[in-house]
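Chains A and B, in that order, give the protein sequences.
Going by the working numbering, the first residue of the first sequence is number 1, and it counts up by one from there.
Going by the working numbering, the first residue of the second sequence is number 413, and it counts up by one from there.
It is possible that some hints are incorrect.
With a Cα cut of at most 25 Å, we get these calculated DMTMM-like pairs of lysine to aspartate or glutamate [as the list claims (entries may be wrong)]:
hint : chain 1 : residue 1 : chain 2 : residue 2
1    : A       : Lys311    : B       : Glu533
2    : A       : Lys311    : A       : Asp327
3    : A       : Lys311    : B       : Asp531
Computed Cβ-Cβ distance ranges for the label pairs, DEER-style [stated by the list, open to error]:
hint : chain 1 : residue 1 : chain 2 : residue 2 : range
4    : B       : Glu534    : A       : Thr192    : 39 to 45 Å
5    : A       : Arg180    : B       : Asp416    : 33 to 39 Å
6    : A       : Asp183    : B       : Thr460    : 37 to 43 Å
7    : A       : Pro318    : B       : Leu523    : 25 to 31 Å
8    : B       : Arg467    : A       : Ser225    : 38 to 44 Å
9    : A       : Arg235    : B       : Thr460    : 20 to 26 Å
10   : A       : Arg317    : B       : Ala452    : 20 to 26 Å
11   : B       : Ala437    : A       : Ala345    : 52 to 58 Å
12   : A       : Arg317    : B       : Glu512    : 40 to 46 Å
13   : B       : Arg541    : A       : Arg187    : 56 to 62 Å
14   : A       : Asp260    : B       : Ala452    : 18 to 24 Å
15   : B       : Pro466    : A       : His228    : 53 to 59 Å
16   : B       : Arg516    : A       : Arg221    : 44 to 50 Å
Not close to chain B: a few residues of chain A, all C-beta gaps over 12 Å, as computed [unchecked claim]:
hint : residue
17   : Thr10
18   : Ala153
19   : Glu170
20   : Gln179
21   : Ile203
22   : Arg212
23   : Gly217
24   : Ala238
25   : Ala244
26   : Glu248
27   : Arg257
28   : Pro263
29   : Pro315
30   : Arg337
If you are wondering where the hints come from, they were derived from the structure by calculation, not from laboratory data.
This structure is a prediction, so every number in the text was calculated from the model and none was measured.
Yeah, the Cβ is synthetic: ideal placement off N, Cα and C, and Gly gets one too.
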Amino acid sequence: MEGSTSSPPTPRAGIERLLDVVQELSAAKRLEDVQAIVRVAARALVGADGATFVLRDHDYCYYVDEDAIGPLWKGRRFPSSVCIAGWAMEHQQAVVIDDVFADPRIPQSVYRETFVKSMTMTPIRPASALGAIGTYWATPHRASQSDLRLLAALANTTAVALENVRLYGELSARLDQLQRVNDELERFTWVTFHDLQEPLRMIATHSQLVNRDEHSGLSERQNRSLRHVHEGVRRAQALTRGFAEYVEVLSKRTAPREVDLRPVVCSALEQAAAQQGVPIPTIELGDPPRVVVDPLGLVRVLGHLFANAIKFRHPERPLELAVSVTDGGARWHFTVRDNGIGIDATYHRRIFAFFERLHPQDEFVGAGLGLAVCRKIIEGWGGAIGVRSEPGAGSEFHFTVPKLTAEAPHAG
Amino acid sequence: MPADPEILVVDDNQADLDLLLLFAAEAGLHVRFRNISNGADALHDLLTGLGASPRRVPDLVLLDLGLPRLPGLEVLRLLRQARGGDGVPVVVLSTSARDEDQQRARALGILDYWTKPRDLEEYPLMIERMATKLAQRH
């Protein structure tokens with residue numbers, strides 16, 4: 001509907017224009033973008049007075065879009081059997097018509113309303129056509145072979161772009177669906193966790209209560225059973241807590257800021273000691289640098305490592321704990337060392353997996369999720385965690401934290 | 413001799429309540445416990461007490477969060493909006509250890525946030541903390 005008759009570009013200019021169009025089309029994510037690019041490009045490439053973008057719609061040809069000196073058929077549908085776009089798609093070949101009123105394939109009444117005297121129609125993906133690209137002239141005109149080659153190249157690129165649009169649409173729908181499922185799962189986990197805590201607590205405390213009552217009249221065997229009930233429920237409590245924390249870690253993260261490591265380490269150690277029901281152990285810390293980290297995440301990681309060290313301390317020697325932080329260029333290297341019972345090399349990988357426990361259940365209580373949570377947090381930062389240990393000789397946990405800049409300026 | 417302080421326990425879990433009463437008795441804590449097992453009745457009771465003359469307010473409210481008819485946080489929010497309601501001493505006693513619940517409760521003005529004991533051994537400690545809260549009040 002805009003512009004006026006233009007002369008065809010030189011072959012070289014045509015190819016350059018085509019290259020631009022190929023680039024534009026490769027970035028198109030929506031059908032409307034493809035339409036807008038193609039209608040303008042088709043007309044410009046061959047210097048036509050108009051161009052249409054036609055999509056196959058079952059047995060109809062749908063004139064989706066156009067760019068021309070006068071109105072053509074934008075928004076209209078024609079049966080493929082009486083329409084030249086339909087003919088081109090069905091015969092899998094481009095059509096060149098010098099005089100539209102002398103060609104029996106043309107529905108004359110439809111063309112009489114327009115400026116069109118000559119035209120071409122190029123199928124998009126001839127093998128199983130998605131649509132077609134039409135170009136039109138207001139004066140008698142014969143499209144050249146090089147014009148047809150340019151239009152065929154445009155049609156091929158358009159086919160790829162349309163396929164991309166379809167795939168992109170499917171992908172976004174899939175991602176949305178996945179996100180919804182994920183959100184739902186997270187909520188479900190929380191609710192399950194919360195609703196389980198109460199009955200578990202009731203079983204735990206009341207089984208203990210009966211058990212401690214000397215006049216309950218229960219036999220030794222019955223008391224033993226009750227202790228098993230209690231042991232089982234404590235494990236179930238630890239599991240649900242660990243599981244909920246694991247899920248929570250996936251969804252929550254605090255913004256990194258520059259922190260002093262001393263209070264972070266102390267806070268983690270206090271939590272670990274309270275959780276394990278022991279006095280706060282001493283720790284060797286040296287003179288740590290200030291680092292930019294997600295502080296709550298770091299407290300959590302260190303808390304789990306400390307709790308582990310306390311839980312698996314050596315029965316015959318006092319616990320020794322040390323934390324060191326060194327500058328590794330692009331990342332900080334953290335080391336948490338203990339003198340506990342150590343871990344056999346067979347398990348050095350497995351301990352970071354979800355739901356693994358190495359020590360016999362009746363010896364230690366723990367759901368074995370702490371290190372999995374640590375790995376999740378650290379990998380979320382883009383770091384890594386590993387262990388060096390020998391049975392009887394203590395353990396050395398290493399983890400890296402990529403150096404960051406604080407998200408907000410922090411005075412301190 | 414002044415009457416024993418009154419603790420209003422807003423909780424629908426009889427199993428937890430039994431343990432609380434048992435351990436308070438074992439510790440020799442001289443208190444009167446009163447239980448209301450849903451949020452709506454608890455709020456009504458507290459608001460009625462605030463409006464009475466003379467004012468009747470428990471010496472301590474132990475408030476669970478997951479309550480029938482009106483959630484604990486709503487009880488707390490509506491209580492704080494009432495005239496004189498900001499002076500009612502409330503400790504939240506909940507199963508939930510979620511940071512989010514703690515933050516929301518603390519934002520509404522509470523003396524403390526305790527998670528319910530998961531182990532019998534934690535009960536004497538909780539009774540001790542309760543006695544401390546009562547002593548601080550008088």
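Right, here's what the structure says about each hint:
1. A:Lys311 x B:Glu533: holds (19 Å)
2. A:Lys311 x A:Asp327: violated (30 Å)
3. A:Lys311 x B:Asp531: holds (18 Å)
4. B:Glu534 x A:Thr192: 39 to 45 Å: About 24 Å separates the Cβ atoms of B:Glu534 and A:Thr192, which means 39 to 45 Å is violated.
5. A:Arg180 x B:Asp416: 33 to 39 Å: Since A:Arg180 and B:Asp416 have Cβ atoms about 54 Å apart, the given range 33 to 39 Å is violated.
6. A:Asp183 x B:Thr460: 37 to 43 Å: Since the Cβ atoms of A:Asp183 and B:Thr460 sit about 42 Å apart, the hinted range of 37 to 43 Å holds.
7. A:Pro318 x B:Leu523: 25 to 31 Å: violated (38 Å)
8. B:Arg467 x A:Ser225: 38 to 44 Å: violated (52 Å)
9. A:Arg235 x B:Thr460: 20 to 26 Å: At 45 Å between Cβs, range violated.
10. A:Arg317 x B:Ala452: 20 to 26 Å: For A:Arg317 and B:Ala452 the Cβ distance comes to about 58 Å; the hint is violated.
11. B:Ala437 x A:Ala345: 52 to 58 Å: Taking Cβ atoms as reference, B:Ala437 and A:Ala345 lie about 54 Å apart, which means the hint holds.
12. A:Arg317 x B:Glu512: 40 to 46 Å: About 41 Å separates the Cβ atoms of A:Arg317 and B:Glu512, which means 40 to 46 Å holds.
13. B:Arg541 x A:Arg187: 56 to 62 Å: violated (33 Å)
14. A:Asp260 x B:Ala452: 18 to 24 Å: violated (48 Å)
15. B:Pro466 x A:His228: 53 to 59 Å: Given about 54 Å between the Cβ atoms, the range holds.
16. B:Arg516 x A:Arg221: 44 to 50 Å: Since B:Arg516 and A:Arg221 have Cβ atoms about 47 Å apart, the given range 44 to 50 Å holds.
17. Thr10: About 68 Å separates A:Thr10 from the closest Cβ of chain B, which puts it past 12 Å; holds.
18. Ala153: About 58 Å separates A:Ala153 from the closest Cβ of chain B, which puts it past 12 Å; holds.
19. Glu170: holds (36 Å)
20. Gln179: holds (21 Å)
21. Ile203: Per Cβ check, A:Ile203 is inside 12 Å of chain B; nearest 9 Å; violated.
22. Arg212: violated (7 Å)
23. Gly217: holds (18 Å)
24. Ala238: A:Ala238 not clear of chain B: closest Cβ-Cβ about 10 Å, inside 12 Å.
25. Ala244: The assertion about A:Ala244 is violated, with a minimum of 9 Å to chain B.
26. Glu248: Not fine: 8 Å to the nearest Cβ puts A:Glu248 too close to chain B.
27. Arg257: Nearest chain B Cβ is 18 Å from A:Arg257, so the label holds.
28. Pro263: holds (18 Å)
29. Pro315: holds (22 Å)
30. Arg337: Non-interface label on A:Arg337 holds, nearest chain B Cβ at 30 Å vs cutoff 12 Å.
Comparing the model with each earlier hint shows violations of hints 2, 4, 5, 7, 8, 9, 10, 13, 14, 21, 22, 24, 25 and 26; every other hint is respected.
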